[in-house]
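Spelled out from the first residue to the last, the chains are:
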Amino acid sequence: MISIWFFIGVSLLVNGLLILGAGLYEQSHPPAHPVVLFSLHASTWWGAILSLVGLIYCVVYRPGKKSAH
Amino acid sequence: MTLLAAFEAQHLVTLSKVDLLIVIFYFALVLAIGFYLKNRANTAEDFFMAGRDMTAWVAGLSFLSANLGALELMGWAGSAYQYGILATHWYWIGAIPAMLFLALVMMPFYYISKTHSVPGYLKLRFGEPARAVSAVSFGLMTVLMSGVNMFAMAKVMQLVLGWDINVSIWLSAGTVAIYVALGGLRSAIFNEVLQFFLIWAGALLIPILGLYEAGGWHNLKILIAQRASDQYVHLWASLGSFSDNPMGINWFGIIFGLGAVISMGYWTTDFLVVQRILSAKDLRSAEMAPIIGAGFKMFVPLIVILPGLLGLGLLPEKLVPESMAAATGAHSYNDVLPLMLARYCGPGLLGLGITALIAGFMSGMAGNVTAFTTVWTYDIYRPLINSKGADHHYVNMGRWTTVIGVLISVGTAYLVMQFASIMDYVQALFSFFIAPLFGTVVLGMLWKRATGLGGFLGLLCGTVSSIGMWAWVKVDPSALRYVAMSSHAKALAQDMFQALWSFLICVIVTVVVSMATKPKSDAELNGLVYGLTKVPSVGEVAFYEKPLFWAGVVTLVFFGLNFYFW
Chain L
8 MISIWFFIGV SLLVNGLLIL GAGLYEQSHP PAHPVVLFSL HASTWWGAIL
58 SLVGLIYCVV YRPGKKSAH
Chain P
1060 MTLLAAFEAQ HLVTLSKVDL LIVIFYFALV LAIGFYLKNR ANTAEDFFMA
1110 GRDMTAWVAG LSFLSANLGA LELMGWAGSA YQYGILATHW YWIGAIPAML
1160 FLALVMMPFY YISKTHSVPG YLKLRFGEPA RAVSAVSFGL MTVLMSGVNM
1210 FAMAKVMQLV LGWDINVSIW LSAGTVAIYV ALGGLRSAIF NEVLQFFLIW
1260 AGALLIPILG LYEAGGWHNL KILIAQRASD QYVHLWASLG SFSDNPMGIN
1310 WFGIIFGLGA VISMGYWTTD FLVVQRILSA KDLRSAEMAP IIGAGFKMFV
1360 PLIVILPGLL GLGLLPEKLV PESMAAATGA HSYNDVLPLM LARYCGPGLL
1410 GLGITALIAG FMSGMAGNVT AFTTVWTYDI YRPLINSKGA DHHYVNMGRW
1460 TTVIGVLISV GTAYLVMQFA SIMDYVQALF SFFIAPLFGT VVLGMLWKRA
1510 TGLGGFLGLL CGTVSSIGMW AWVKVDPSAL RYVAMSSHAK ALAQDMFQAL
1560 WSFLICVIVT VVVSMATKPK SDAELNGLVY GLTKVPSVGE VAFYEKPLFW
1610 AGVVTLVFFG LNFYFW
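From first to last, the protein sequence lines are chains L and P. Just so you know, we're using this note's numbering here: the first sequence kicks off at 8 and counts up by one. Just so you know, we're using this note's numbering here: the second sequence kicks off at 1060 and counts up by one.
This list has only true hints and no planted wrong ones.
Far from chain L, by Cβ distances over 10 Å, these chain P residues were calculated:
id : residue
1  : Pro1188
2  : Leu1199
3  : Gly1221
4  : His1293
5  : Phe1355
6  : Pro1380
7  : Ala1384
8  : Ala1385
9  : Lys1447
10 : Ala1575
11 : Asn1585
Just so you have them, the derived chain P footprint on chain L, three or more residues with Cβ under 8 Å:
id : region
12 : 8 to 18
13 : 36 to 48
Calculated directly from the structure, the hints in this document are not laboratory data. Backbone N, C-alpha and C define an ideal beta-carbon position, used for all residues, glycine too.
For reference, chain P alone in the conformation it holds in the complex:
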């Protein structure tokens, strides 16, 4: 289908000239930033690590924005419509403790070791085999995630604007490839911070106008209880058992599966987000950045979860699962955010809202591409293929890998079209790789007795067991009652428990093998393990400039929000 024909297809809204101007201005600005930063990405340190001179605010907002991709904006708004306020757990207990743990406990080790990546830390701590497993699985995951982002964006463009799905994929892919290949991580970070502002500017009106229409939060809860159930507006009260809530999960799965394993794994070892923090200019900035990210993360549900709940309470039509939507032509859960956008936003605002969606999707994509490029160049290409290249050789490799990574992602986007549910697909990916990786990294940082063979086999067994459990339930759905410990458990509960078991298997195997093998000497572990490393002070600063103080503030707000929405 040609570009012109794409614009003539059926769609939800029509962009006015001013909307189109806003979208075009966004693309022009991100490309301009890429071209402007081209001359500031001449060395490998510049291209892959943004020169390691980002402030805490830039690194922190980028850290958060890299995660504000397709899943955040569209998927979780859809999940809020489907599961109610329970979806907020992925923003609070499923993020805040992990971000604070990263800032205060893990970041000093990442920072002191001067590693370029998380697999790079595994190389220093456990040796080459652990890095190889981690780098290859991470590379696979990032291109799949990037494909998911592309597909999600193309779906939104198709729904809202009637744009052909192929046009959207190639337009976004081309833009990301150009600005990342030119400016490297610095370009991605600049655009992520820009996208952070656009997302808030474009999406914040939905909850403001939605709450006004509903008559406030109290009235919205009544509307939701009438149209769905009272269970949809309680964060913890309905988590006593699997059958008491629409998500089919219990408090144990949320706290230990999501809070203690999946979120810890994602926010502390997923290189996509950790890479942003590694670009910080000093240790205090590196510790403050995740705390700044956590502060804003607590309020992201305003622009993601609340629109989903507003859709549940206010939209005249009933949204349906993706599979049913495909069969009947009705709108699916994942369409709730664009539907709410179209409900309130006239010319200009609509353009900004659409731009916010595009920005969110592209930031997720760029995050995956830059992380993939770094891991490929530093953890696969340099140690395994060509270790003697000059600095500019690796910069060129980074630029080419960016383009190739984007092309692989495009291919993945077409593969993702075959899956019924975007969310379940990505959750499954998290469980495969992230949970066991967290087990390996955290043991490596906190337990000096962990050995190279123990770390490698623990990571391998954890990953294989996760894939095994997933395959078991695929082949025999009734196996879910064993994996999630209840016949009432649903898909998301499976992911939580699968992550928990794979983490435990990783830890047990690592401990058992480590106890049977010879550990490294204390001198070899200096700078890598807690207790053997002198963590530098953040400097003589006032109490309100210390990371610990702000971590305390974030913790208080976190508990306050959970109690308020209990």
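So here's chain L without its partners, still in its complex pose:
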């Protein structure tokens, strides 16, 4: 049975990559009406963190590896 933590890893990885991509795009094409604190580029670093955590979960709990759920 596929571990629940693998599903979570997939979710974080996919969402993280999408957010990271959007953040990088915004850095190169700044919006006309940026959000408050746009200069911090939260999308970029938050997307990178989520991708990393998601990747770790995907690898550690990949299907076929023994786990508790």
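Take the given structure of chain L and dock chain P to it, following the hints.
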């Protein structure tokens, strides 16, 4: 209104393509999980109890996530804007002691008795009448709560995205119906844990960026004191009397009404949350699960209460009550969380934040639906309508009840639209059913002299008295000074005291009737009552793996937080 027209309505933000992708990916993933788990829900034990093989972490996070519904995310952020940091009491004293009590005192009895539900425990302890009252009132409450969740989500989608309220209700209802009907409780639990992660990933940036903008917690307190009052940033200091704080409540109501009755009732007898723990694989996991939940619960105010306080300190506009918002077109208190989301989150982040909100709402809905399905099948249908069905018959009944329960919830969502305040409505529901139920269950577990008739009449009188007090104040608002013992008391104080009185009435009636009736023998109460039951050990494990150790750690942090924010 068609789906396309729904997207063209007025809204707060516009989703970019990447935001839409994130939302669509979430729906696809939860449905995929439902389809994947379909073949693992073939027996009644699998469908209703998730096979009773969940680890402590899965059961604990699911236990917490089932409660992270509409009220948690949107309602309490709005309450924090309206009442200040006092709203945090619902997360700390209004949750942590009860969760620890559930883990260490009550869970052994639920677990040993192998009951499928809380009404099922009442059947074993007090007999069929007590179960019938409890099951029917619980079923009613869950579909109403589910309707509240749906309505709240649809409101957020309308505010933030401009989606038509009907489209949102039917989309979320359809998704929950499919994944719960396919995979049963296991599917709901898997999605709840997934939703737990999404909620943190999507909402944690608001307090981080908000505190950065405010210049830290100390500066935020100054901003709030300037824009509202110093009373908004103290957890206990303003609770000396009803008139000293924006909530219109005092310390007695918070400690005894909320901490000792409402929260105990909710976290220990509301089957919606207890069902997650009953799915644990062994007793140690069942005891650890609420403690893990409590550990995370203490930090949920970061993503719910703090955004409300940040809104109070930072948002340029002033938010107003729901009724005034409807009349003037201004934003209401309940809109504060999406407003803060729109303030900080650009493309991608916004999609994740919206997904977190949808996930939170859907987890609450799924929690209600699975609990309703189990109680209907095990506590109403099987004992009262068809007790001789085969195992697969009850699984099919569970699947159909899921769909029917969702449809009833949709109907309820439309009814909820008639109420001005979502919070007051749900608080009133808690008071009607939960407080007296806690009185009955806790007496049943801790006092062997309690009899079947005593338990039944206590539960009935407690519930009827709660409804009676609520109706009394509705008809004559000045009666609040009797129910809450002060003319300065406000709506939430009424709920606290109403719960306290109904609990006391339940306990008194149960004790008096029990003393006048014949109790069950000790042998009949084995496994059901404290003192007559040998509670199995959690096993030979290291001290740091024992539930008691972690309960102590959580208790220390709990007291530390209360003193820090005094």
